[in-house]
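Since the structure of chain L is provided, determine the placement of chain W on it from the hints.
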Amino acid sequence: MTNAIEMRGIRKYFASTQTLAVDGVDLAVAPGEVHALVGENGAGKTTLMSILYGMVSPDEGEIFINGNRAHIKHPNDAIRNGIGMVHQHFKLVPSFTVAENIMLGIERNRAGFVNSRAESDDVRRLAAEFGLAVNPNQRVADLPVGMQQRVEILKTLQRDARILILDEPTAVLTPQEVNELYTVIRKLADTGRAIILITHKLLEVKAAADQVTIMRRGQHIGTYPVAGLTVNEMANQMVGRTVLLDVEKTPAQPGDTVISAENLLVAANGGVPAVFGVSFEVRRGEILGIAGVSGNGQTELVDAVAGMRPVESGEIRFLNQIITNCTVRERRIAGMAHIPEDRMDTGLNLKTTLDENVISTAYYREPFSRGWRFQFEEVRAFAQRVIDSFQIKSASVKGSIRTLSGGNLQKIVLGRELEGHPKFIIANQPTRGLDVGSIEFVHKTLIAARDAGAAVLLISVELEEIMSLSDRIAVMYEGRITGILDGETATEQNIAILMTGGSLDDAVHAGAVS
Amino acid sequence: MTTIAANSPTRQPNRWVRFLPIFIGIFFLVLAVAVLPPSLLQSSIRLATPYTLGALASLIASRAGVLNLAIEGKMVLGSFVAVAILYRTGLDSSAGVLAATLAGGLLGAVFSLLYLKLRINLVILALAVNLFIENITVFFMRVSFGSFGTLADPSIRGLSGINLPLIADIPVIGPLLSGYNIIVYISWLMVIVVAIILYRTQFGRHIRAVGENIGAAESVGINVTRVQVFALTLSGMLAGIAGAFLSIGVLSQYVEGMVDGRGWTAIVVALFAFERPIPAFLTALFFGFSEASSFYLQSRPELSLPPDLFLALPQLVTLGALIAVALRIRGNEILQRRRFVSQFGHELGKLRSGIVIGERQPPKAIEADTDESERE
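Protein chains in written order, with this note's numbering: chain L, 1 to 514; chain W, 515 to 890.
Chain L with its partners taken away, still in its complex shape:
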């Protein structure tokens, strides 16, 4: 039987970030098959699917649809070839009705005047055909997320899609809606359609897919029938065995609790709980690492602890003071430092000079300001001290920082945050996008801060980083902490299981078998 879709030797290099996002990947999906595409963040699965849908053009490789070579340069070409995509962020017009959304661009019309009644009938017929009940005349803005997704699926079916790509389809759904979606997916596959499911949730793969292709760092690791693979085996393949970066570190000497959070409830944008009942504490001279696939509530948790997002319920204590509702500035004055996830956007102001950047968290107080006057000499001396002690190359006190490399930019952030000897440091993805040398520098700096008595909360999606730096490791999944492990004894496998929603009890059995 010819495959519904076959991608051969796809390769894509992004010059802007200097990454080989997809490195010679093959993918074949038969009609009637549900094929899961799994991998960590940055494994290249979304890039691969963007290539298939014509949003990104590959450097190398061929695509065959039903055995015929296809040239897909634009989403319109993809639609013409019978490919439909349900994006993670729905592409719906909120004020339009269900029927208007489904028929957008292919309106039933006579001389330009649309026939709404015929459209509603069409949608009703389509919905009945696939057993996906919708009310064609309801406004999409009034629908729950699960129904909006159903509208998106119907939209592709109305355009007669034979190949359906679902990008992280369960990320926004309730468990009830997830089960309904699985039923829908199976039903569509039974009509001979090929379904590609992009996901990093392995339980979901088990529940919904026939075949699974695992990707890691842009490479194709393997394609297997789902039935013959356990979740733990998949987790192992997904994470892979990687060489740990050697970080010299003495055992932690934890002291008093510096910061504690209890039962935090934090909302994501759009009123969905992102952090759900998270409690933790970090002590003096200790690094608590938070591991997890990105998008499981880490960003919102950091924002809440740093004071950039309101806490809906729960409590944060810092040095025995309740700071749940304190502003960012109050927290910083109390001794909190924050190395944000995005240094270009949140961490630094690229349009201004180095000295203004390094004093941006404390410019208003002594020694940089006295009364209403800037103490330029103090500012200059401080900036010079940061440059010297953090070895920021090709930078000057008054120089623009726009042209500096990522590693040097991160050193400026580190200098600003750590030079004041904070009592608590939040380090969110501190080495993202850095070269090996800079990574080592950041790691050493954080360890040094810990040894000097600071409490460090380290958030990273890089497992190695978490494992080599942390004294204790908390794993987050779906907004909750699924386990806190000891940094010395934690294994990569255990963390991988916890961060994909599994439980360690099963893992023990699996380990015994294999």
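Treat the hints as calculated values from the structure; they're not laboratory data.
The structure presented is a predicted model; accordingly, all values stated were derived computationally and were not measured.
The C-beta atom is built at its ideal place from N, Cα and C for all residues, glycine as well.
You may find that some hints are simply not true.
[Claimed, not checked] Straight-line alpha carbon distances no greater than 20 Å define the calculated DMTMM-like cross-link-like pairs of lysine to aspartate or glutamate that follow:
#1 Lys249(L) with Glu488(L)
#2 Lys91(L) with Glu107(L)
#3 Lys423(L) with Glu315(L)
#4 Lys187(L) with Glu168(L)
#5 Lys91(L) with Glu648(W)
#6 Lys73(L) with Glu732(W)
#7 Lys91(L) with Asp167(L)
#8 Lys73(L) with Glu62(L)
#9 Lys91(L) with Glu726(W)
[As the list claims (entries may be wrong)] Sample of chain W residues with no beta-carbon within 10 Å of chain L, all distances over it, derived:
#10 Ile536
#11 Ser553
#12 Phe653
#13 Pro679
#14 Ala731
#15 Arg814
[What the hints assert, rightly or not] FRET-style restraints, in silico, Cβ to Cβ:
#16 Ser369(L) with Leu630(W): 41 to 49 Å
#17 Glu233(L) with Ile638(W): 55 to 63 Å
#18 Gly32(L) with Arg740(W): 34 to 42 Å
#19 Ile843(W) with Lys73(L): 36 to 44 Å
Just chain W now, kept in the frame of chain L:
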């Protein structure tokens, strides 16, 4: 396999609430007809015309996702071109209306190409167009016509009033609906035409899709650029007619500065009406009424009411409405957070604090129907 039921926990919006502003508008219309002198009402309706057309021009662009701040400039161009053409050719005044429409449309098309093809900043582009048109008309007036400030000539005939045969005979409202010049009737017609385009045609649906979610429109293969070019051209034509009304509809001459900010006010009219054609028409009537009543009061010093206050009234109402809208959005946010806590706070209490492993999935989205969220 069974059909999966559509769960529809949605709130049914009360239909009458949605039409409430229209009912209030109609109520005031009826009240006005009953109480106010007919001459005041007639001039209100006449003076509402540039606001109606300008607001339609603004809303059709906004609906296509382009904030059109160049309406003032297009109006100035329309008013100047109408008079200039009549002065040069001596043709019938309807030719002036046509020329103004085409000039406005052309400027709209050029504007859209500069914005969409060259990606010039929208606000700066609009300001540049406004200033350019304002000054280039002065230039041409001096160089081509040798006149300063005013371009007037007996050969320029303004638009004459048209009595609608049957409607004029209706008691009470007949005189209010008849006797205006052609542009007034065009403006009424355009309200309906724009409403039909937006809500009943394929093109209008594409306009609204582009304006509301450009990604959705692109993903189904709608040519976004083309839709916006058409919308802006149409917008320019409407603004051009509005300009022609000011120069050859009210007077029969062009006076420097005669548009006098009406293009900007028209944008406010469209905003006030939430970019919908029929509410925009009613709002324009209100603005026309306040302008007319200020003239009316100026001609009656015995009433000793400050006429400037009446000119400022619509602006004050607009400011109030904008504040009300902002407060409503803020209030909704607070309400949403309260509901969030009341829904998920309970669930949280049930969990053992600290580590929770896989025993209970957290609910992921707030259902649209949150009234039963405190079901325990």
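Notebook entry, point to check: Which numbered hints are broken by the structure, listed smallest first?
Noted result: 5 and 14
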